[in-house]
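Protein chains: 2
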Amino acid sequence: MSGESTVSSLGEVEVLRAIAERMPPPPPGETWGGDDTAIFPCPGPHLLFTIDMLVEGLDFDLAYCSGEDVGWKAMAANVSDIASMGGRASRAVTSLSLPPGTEMGLVSGLCDGLVAAATEWEVGLSGGDLSGGDQVTLSVALLGLLDGPGVHRSGAREGEAICVTGSLGGAAAGLRILRDDSLATVNAADRGRLVTRQRRPRARLKEGDALRRAGVTAMIDVSDGLAIDLSHLCDASRLGCSVDAATLPIDPALDGLDRNESLELAVIGGEDYELLFTIESDRIEDARRLLAPTGTPITTIGTIGGADRTLGDRALDEWRTLGWEHLREP
Amino acid sequence: MSGESTVSSLGEVEVLRAIAERMPPPPPGETWGGDDTAIFPCPGPHLLFTIDMLVEGLDFDLAYCSGEDVGWKAMAANVSDIASMGGRASRAVTSLSLPPGTEMGLVSGLCDGLVAAATEWEVGLSGGDLSGGDQVTLSVALLGLLDGPGVHRSGAREGEAICVTGSLGGAAAGLRILRDDSLATVNAADRGRLVTRQRRPRARLKEGDALRRAGVTAMIDVSDGLAIDLSHLCDASRLGCSVDAATLPIDPALDGLDRNESLELAVIGGEDYELLFTIESDRIEDARRLLAPTGTPITTIGTIGGADRTLGDRALDEWRTLGWEHLREP
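These protein sequences, in sequence, are chains A and B.
The numbering of the first sequence is my numbering, which starts it at 1 and goes up by one.
The numbering of the second sequence is my numbering, which starts it at 1001 and goes up by one.
Simulated from the structure, these hints should not be mistaken for lab results.
Please note: incorrect hints may appear among the correct ones.
To be verified - Not everything, but these chain B residues come out facing chain A in the computed CB check (under 8 Å): (1) P1025; (2) L1048; (3) E1122; (4) D1221.
All C-beta atoms, glycine included, are put in the ideal place defined by N, C-alpha and C.
Kindly produce the complete structure, drawing on both the sequences and the hints.
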């Protein structure tokens, strides 16, 4: 009977048991599940603490994402926040709400995705909470630690270079392919890679740590899109910026698209989870050397300073109005 | 225009600004909002870490709870988990999803309730995340610290006394009054107190710390109801129990009810957020003395041990089937 495999036919106790079976155990001396809270030794002199929530229909769509994808992404988005402070990831707790008709296969998938990402970035899944709801909602709260001073958004200085890791626009292109099978000019192999980039984003955790050691002055992850995230960095640093659109490391799979289309994907698409940072120009080569073991490239895309904030021939605020904002009516 | 006061008319940036204005600032040297993650010094050698999610329509109903109530309760439920380990509360992050039509008055209320509870229990509201959704959903993840070894659910030993702080049944009675104006035999002053108990639960944080120092061996908070939470404690300790129903500290406002009705409210009602613990009988007086400054009473309700788990003339499992479980179909 298909009814036997939904969460409402099993009830909270059985669903929790099934989830617990999929979760790795804690190291000796720590408590992760099965008590009121987790217990573990404090991982460092300074802690990082962040939370991120994914809501079905808004942040993901189960029509083209699997449970594994959603679990992975919820963890990756949090790890990316830790990365952008130059930190290391430590322990997570998760809260999950499930509609009554949710099939247990989806629950297993969510768990597997969380575990896979936790394993990838060495996060201990130390506890959680389960509830009902009309939509699948997954919150991950993540604790990180700092091996040195953290990298804030506010540290950029006049004249410094603005740089970004990896490439931009790939995740947004992947979303378009998943949603309506668009971007027909992109070849099959690249389409697969773009879709993976959307479904299974990579947090630049080792890169963030290396960039902190390289002396970057401000850093943020590109989750809401380059225009919005660069604005956040400039707001916090109270400075202007000038970005040369021609230098943007747009994903090469988008080369065949109209230039305006590929630029929009790269600037307002978001979800690339690359690191955007500022650094003194003469330290960029140091940063490249420290990043070499990760294989991740760095591109200089502009300069901090000046009265305005521009990206190509547009103001950053103009780009922002094209971007996506939670809650806002269309 | 009423449309101006909803979250969708304002958009994420403005809603976040309104929320930030209501949040207390961090102490010097800490980062709470406005960056990718919070940063603060590690508060202790050992950390406690927990998360709890409240979903509209399931965990609360805005027909008879205000935003302040929901914000308060989300924090109190987490603090109660820290209390039941014998810990102290430290820093929280919250994730909030809001339907498009949510009025800003509700958002302000949620913030005010979170801030009031955070102030009450000395929690730093260090960060958060905002999303959309069909329901109001509020997750709070809370970090605590331990001044000594924590109190697990698993530490109970044969022959020890089972005790509970305060009184039972009041929160469930308050819920009935709010839902359908029932319990007509309860007088007006008591009705008001019961309703407050449901809307604004008190976490027994100082009590948990005192009980840890008094040498309690196992502890859990009564959130799902005495029957379920005592079962969790017995499961973790792999022992039976015998509870004398006549000794239960049922809220005196329920004295005029049918005995079966008041007993059900106390045993399966839940949400009292009292502490249920086990202790050697000859240490109970020590515990009372340490708890005296809080004004909270302790009642001995039974004994750990034996093959069975009974509460009055029923098995604990039989009580449990009467209780409420997330996800389960009615």
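Hint-by-hint comparison with the structure:
Evaluation of the P1025 of chain B hint against chain A yields a violated restraint, the C-beta minimum of about 15 Å exceeding 8 Å. Look at L1048 of chain B: its Cβ gets to within about 4 Å of chain A, closer than 8 Å, so that hint holds up. This hint is violated: E1122 of chain B has a C-beta 16 Å from the nearest C-beta of chain A, more than the 8 Å allowed. Checking D1221 of chain B against chain A by beta carbon gives a least distance of about 6 Å; that is within 8 Å, so the hint holds.
Hints 1, 3, counting from the list given before, are not met by this structure.
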